[in-house]
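Number of protein chains: 4
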Amino acid sequence: MTLTYLTPLSLDQQIAHGVTPPQPLAVADRVRFSELDMLGHVNNTRYFEWFERTRVRYSQEWGISHYIKQADAPRIVIRSGAIHYRQEMLMDEDYIVTCRCAAFRTTSYSLHQQIWAGGSLRATFDCVLVLLERDRSGRLPIPTAVRTRFTEIDGAHPES
Amino acid sequence: MTLTYLTPLSLDQQIAHGVTPPQPLAVADRVRFSELDMLGHVNNTRYFEWFERTRVRYSQEWGISHYIKQADAPRIVIRSGAIHYRQEMLMDEDYIVTCRCAAFRTTSYSLHQQIWAGGSLRATFDCVLVLLERDRSGRLPIPTAVRTRFTEIDGAHPES
Amino acid sequence: MTLTYLTPLSLDQQIAHGVTPPQPLAVADRVRFSELDMLGHVNNTRYFEWFERTRVRYSQEWGISHYIKQADAPRIVIRSGAIHYRQEMLMDEDYIVTCRCAAFRTTSYSLHQQIWAGGSLRATFDCVLVLLERDRSGRLPIPTAVRTRFTEIDGAHPES
Amino acid sequence: MTLTYLTPLSLDQQIAHGVTPPQPLAVADRVRFSELDMLGHVNNTRYFEWFERTRVRYSQEWGISHYIKQADAPRIVIRSGAIHYRQEMLMDEDYIVTCRCAAFRTTSYSLHQQIWAGGSLRATFDCVLVLLERDRSGRLPIPTAVRTRFTEIDGAHPES
Chain E
222 MTLTYLTPLS LDQQIAHGVT PPQPLAVADR VRFSELDMLG HVNNTRYFEW
272 FERTRVRYSQ EWGISHYIKQ ADAPRIVIRS GAIHYRQEML MDEDYIVTCR
322 CAAFRTTSYS LHQQIWAGGS LRATFDCVLV LLERDRSGRL PIPTAVRTRF
372 TEIDGAHPES
Chain B
222 MTLTYLTPLS LDQQIAHGVT PPQPLAVADR VRFSELDMLG HVNNTRYFEW
272 FERTRVRYSQ EWGISHYIKQ ADAPRIVIRS GAIHYRQEML MDEDYIVTCR
322 CAAFRTTSYS LHQQIWAGGS LRATFDCVLV LLERDRSGRL PIPTAVRTRF
372 TEIDGAHPES
Chain U
222 MTLTYLTPLS LDQQIAHGVT PPQPLAVADR VRFSELDMLG HVNNTRYFEW
272 FERTRVRYSQ EWGISHYIKQ ADAPRIVIRS GAIHYRQEML MDEDYIVTCR
322 CAAFRTTSYS LHQQIWAGGS LRATFDCVLV LLERDRSGRL PIPTAVRTRF
372 TEIDGAHPES
Chain H
222 MTLTYLTPLS LDQQIAHGVT PPQPLAVADR VRFSELDMLG HVNNTRYFEW
272 FERTRVRYSQ EWGISHYIKQ ADAPRIVIRS GAIHYRQEML MDEDYIVTCR
322 CAAFRTTSYS LHQQIWAGGS LRATFDCVLV LLERDRSGRL PIPTAVRTRF
372 TEIDGAHPES
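Residue numbers (our numbering), protein chains in the order written: chain E, 222 to 381; chain B, 222 to 381; chain U, 222 to 381; chain H, 222 to 381.
Hints in this document: simulated from the structure, not taken from any laboratory. Since the model is a prediction, treat every value here as computed from it, not as a measurement. Glycine is no exception: its CB is placed at the ideal position from the N, C-alpha and C atoms. One or more of the hints may lead you astray.
Said to hold, decoys possible - Estimated spans, in silico, between C-beta atoms of each pair: (1) B:D356 with H:T365: 53 to 61 Å; (2) U:L342 with B:Q308: 26 to 34 Å; (3) E:R326 with U:G340: 31 to 39 Å; (4) U:T327 with E:E314: 21 to 29 Å; (5) B:D356 with U:G340: 18 to 26 Å; (6) E:T327 with H:A303: 19 to 27 Å; (7) U:D233 with E:R360: 50 to 58 Å.
Claimed, not checked - Output of the computed footprint for chain H on chain U, the stretches with three or more beta carbons under 8 Å from beta carbons of chain H: (8) 228-242; (9) 273-280.
With the hints as constraints, model all of the structure from the sequences given.
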């Protein structure tokens with residue numbers, strides 16, 4: 222099965238390309254020359270751009286934020302994150318970045334992200350995000366429709 | 222016609238997505254959130270990564286260099302370039318970057334590159350590249366097969 | 222003489238560090254590991270971030286724009302640019318980026334920029350910038366105080 | 222006291238600029254325009270370049286690796302890391318990035334890094350690094366001189 226880039230992959234496509242188990246959102250991309258460092262592999266710092274790109278897509282698809290300049294759009298702020306590097310990435314490798322909500326509270330939620338290439342897990346990133354008012358005056362509750370999606374699509378559970 | 226990302230587009234695909242006239246190499250990608258700057262559009266410096274990505278692909282497809290660490294692979298060095306910005310790029314826009322050899326000499330060649338989005342030309346980049354020995358001890362002639370490709374596919378002519 | 226980083230260098234400092242002739246604005250920085258590519262030298266695309274950084278500083282020091290979100294601040298748009306690479310840059314090298322207005326018209330101006338390291342010129346960038354209304358509704362004239370500065374400090378002349 | 226950029230700060234300089242307690246290595250830099258994203262603050266991914274830059278400097282100063290292409294230089298690989306964002310960073314802010322060894326074993330060590338600006342802690346990064354043979358054939362022990370430095374300068378203790 223040909224890999225489709227920059228478009229959410231179906232569960233079947235994910236399985237065909239080695240993402241096991243498949244995730245709520247998975248998007249493929251390809252290593253750019255400018256992402257390699259002097260050691261000939263993808264620089265550690267570049268993984269964060271890949272995770273961010275898929276996280277932004279996730280926010281759009283799940284209806285959390287469209288990242289357009291709207292006066293009333295919530296501001297998504299990352300509070301913390303933990304990365305694990307498992308295997309280096311090389312020039313021209315195809316990779317798939319995933320995103321899944323692992324847990325959520327009233328105004329914050331945790332995402333679990335993975336990078337897969339050639340059927341092996343290359344890195345994971347777990348992070349905690351908070352919804353703020355556009356002017357940062359206070360926190361915003363996660364909308365009900367998003368909470369429902371976290372539960373029904375991602376299998377995440379609310380924490381108290 | 223659906224846009225296929227990160228894969229060389231056929232002439233028909235190029236025409237369907239507004240690249241006129243179609244170019245020898247054209248590859249589609251999509252604006253990343255991390256490429257936007259404070260002004261809400263793609264930062265001027267990011268275009269050069271896009272042009273480079275397609276130039277590297279062109280070098281691979283045309284057989285000039287595979288950008289893998291080989292003792293005998295030629296080193297492609299950019300000597301100069303001229304960019305023209307015509308219209309800004311925004312969040313999530315699909316774009317197509319092209320590459321075509323415009324002229325060549327014994328050890329150097331000129332490429333003409335374009336960025337298209339939504340049927341309009343957003344930027345162009347014209348640059349001059351030189352082939353060097355891996356250890357930079359001297360210049361290397363462009364291989365005959367590449368010269369033939371420059372002429373027959375790109376329609377470029379040798380300059381003296 | 223010790224090199225002072227990220228602070229405009231005096232004419233004497235510039236001369237002591239090989240910038241000849243000295244320029245209206247010159248700021249020193251140092252190559253970062255993340256700016257090197259697989260070939261072990263600074264990636265071609267990174268030079269544009271260096272030029273931009275000094276150009277932004279120049280805009281602030283010359284009173285053209287302070288790059289803060291003000292409703293009435295002009296928008297500086299780059300229209301075109303020409304880069305010349307003369308000698309590669311390596312890990313940890315100190316470099317000095319300069320900026321000088323070369324010519325100006327009513328609503329546009331040309332800047333000449335250089336990168337120096339170890340007393341040798343590594344790259345130059347010549348670009349044309351335009352002042353626009355914040356909402357891009359039209360062009361803005363260069364303020365008289367800036368025109369005076371272009372002439373008296375940079376030695377630039379108005380073109381018609 | 223004037224802030225000196227890109228040069229290891231003395232303990233007195235660190236204290237004068239609000240780094241409390243002072244760290245074994247602390248280096249100042251300044252936010253670049255190209256590091257801001259659409260939200261007008263430094264993009265989350267850019268912090269990792271800042272941490273990396275200081276970590277590379279630390280590796281050089283402590284004698285772990287000089288990051289020059291040597292056949293026998295060890296390869297420093299990052300295995301995992303945890304970031305905490307505490308306060309956003311804005312245009313032109315001066316910041317200080319620190320590095321300290323928190324603990325070490327035979328072939329791996331943990332670093333604690335901080336970003337300070339205007340006397341407040343903006344972010345922290347804790348990571349685990351491993352020393353590998355250049356050809357990745359196996360792990361390398363931390364040299365005795367480096368272990369001594371970890372203990373005597375950083376106050377780190379070996380773990381078993």
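task: With respect to the beta-carbon atoms only, verify the hint that L342 of chain U and Q308 of chain B lie 26 to 34 Å apart.
output: With a Cβ separation near 33 Å, L342 of chain U and Q308 of chain B satisfy 26 to 34 Å, so the hint holds.
message: So is the segment 273-280 of chain U in contact with chain H by the C-beta rule, three or more residues under 8 Å, or is the coverage claim wrong?
response: holds (count 3)
message: Holds or violated: the 50 to 58 Å window for the beta-carbon distance between D233 of chain U and R360 of chain E?
response: holds (53 Å)
field: Beta-carbon spacing of R326 of chain E to G340 of chain U - inside the hinted bounds 31 to 39 Å or not
entry: violated (59 Å)
query: Are D356 of chain B and G340 of chain U spaced within 18 to 26 Å by their CB atoms?
result: holds (24 Å)
- request: State, for the Cβ atoms of T327 of chain U and E314 of chain E, whether the hinted interval 21 to 29 Å holds or is violated.
  value: violated (51 Å)
field: Assessment of proposed distance window 53 to 61 Å (beta carbons of D356 of chain B, T365 of chain H)
entry: This hint is violated: roughly 36 Å between Cβ atoms.
query: Between T327 of chain E and A303 of chain H, is the Cβ distance one that fits in 19 to 27 Å?
result: For T327 of chain E and A303 of chain H the Cβ distance comes to about 24 Å; the hint holds.
- prompt: How about the segment 228-242 of chain U: do at least three of its residues have a C-beta closer than 8 Å to a C-beta of chain H?
  reply: Three-residue rule not met by the segment 228-242 of chain U, so violated; n is 1.
Violated hints, listed in ascending order, are 1, 3, 4, 8; each of the other numbered hints is respected by the structure.
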